[in-house]
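Engineer: Sequence:
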Amino acid sequence: MYIAMNRFRVLPGAEQEFEALWLNRESRLQDVPGFVEFHMLKGPASEGHTLYASHTVWRDHAAFEAWTRSEAFRAAHGKAGGTRPLYDGHPQFEGFNVIQTIGREDGA
Numbered sequence: 001m002y003i004a005m006n007r008f009r010v011l012p013g014a015e016q017e018f019e020a021l022w023l024n025r026e027s028r029l030q031d032v033p034g035f036v037e038f039h040m041l042k043g044p045a046s047e048g049h050t051l052y053a054s055h056t057v058w059r060d061h062a063a064f065e066a067w068t069r070s071e072a073f074r075a076a077h078g079k080a081g082g083t084r085p086l087y088d089g090h091p092q093f094e095g096f097n098v099i100q101t102i103g104r105e106d107g108a
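Going left to right, the sequence shown walks through residues 1 to 108 as my numbering numbers them.
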């Protein structure tokens with residue numbers, strides 16, 4: 001598995017608009033080969049921003065790379081430039097290869 005994360009430092013007062021952009025956007029991830037699941041995480045607020053992180057799980061790094069070259073990727077990121085005033089700086093990408101997974105067998 002491969003986990004792709006983007007960290008967003010959202011400016012004070014822009015949290016609702018940022019969340020609405022994500023909650024109301026058209027996602028095509030379910031149609032992308034190798035996509036497993038997506039989470040948008042809200043973290044703590046500090047003096048200058050509220051931290052958010054997108055957390056996307058892929059079957060493997062190759063599936064993630066293929067998505068970054070796809071039409072679905074271009075469509076998902078086509079309007080990203082219009083949201084700059086919501087952020088303190090650019091989103092920060094972090095990618096991880098999973099080396100261990102522990103889960104409950106009963107799924108609870």
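Please keep in mind that the hints were generated in silico from the structure rather than gathered at the bench.
In this text, a Cβ means the ideal position worked out from N, Cα and C, and glycines have one as well.
Any given hint could be a false lead.
[What the hints assert, rightly or not] Quick list of simulated restraints, FRET-style, between CB atoms: (1) Glu26 <-> Pro91: 14 to 22 Å; (2) Glu26 <-> Ile99: 16 to 24 Å; (3) Gln16 <-> His55: 32 to 40 Å; (4) Ala45 <-> Glu105: 32 to 40 Å; (5) Leu11 <-> Asp106: 40 to 48 Å.
Engineer: It remains to establish, for every hint, whether it holds in the given structure.
Structural biologist: A quick look at each hint next to the structure:
Taking 14 to 22 Å as the suggested C-beta distance range, the pair Glu26 and Pro91 conforms, at roughly 19 Å. Look at Glu26 against Ile99: about 33 Å separates their beta carbons, and that is not inside 16 to 24 Å. Taking the beta carbon of each, Gln16 and His55 are about 21 Å apart, not inside 32 to 40 Å as hinted. The hint said 32 to 40 Å for the Cβ distance between Ala45 and Glu105, and at roughly 37 Å that hint holds.
At roughly 42 Å, the beta-carbon separation of Leu11 and Asp106 lies within the given 40 to 48 Å, and the hint holds.
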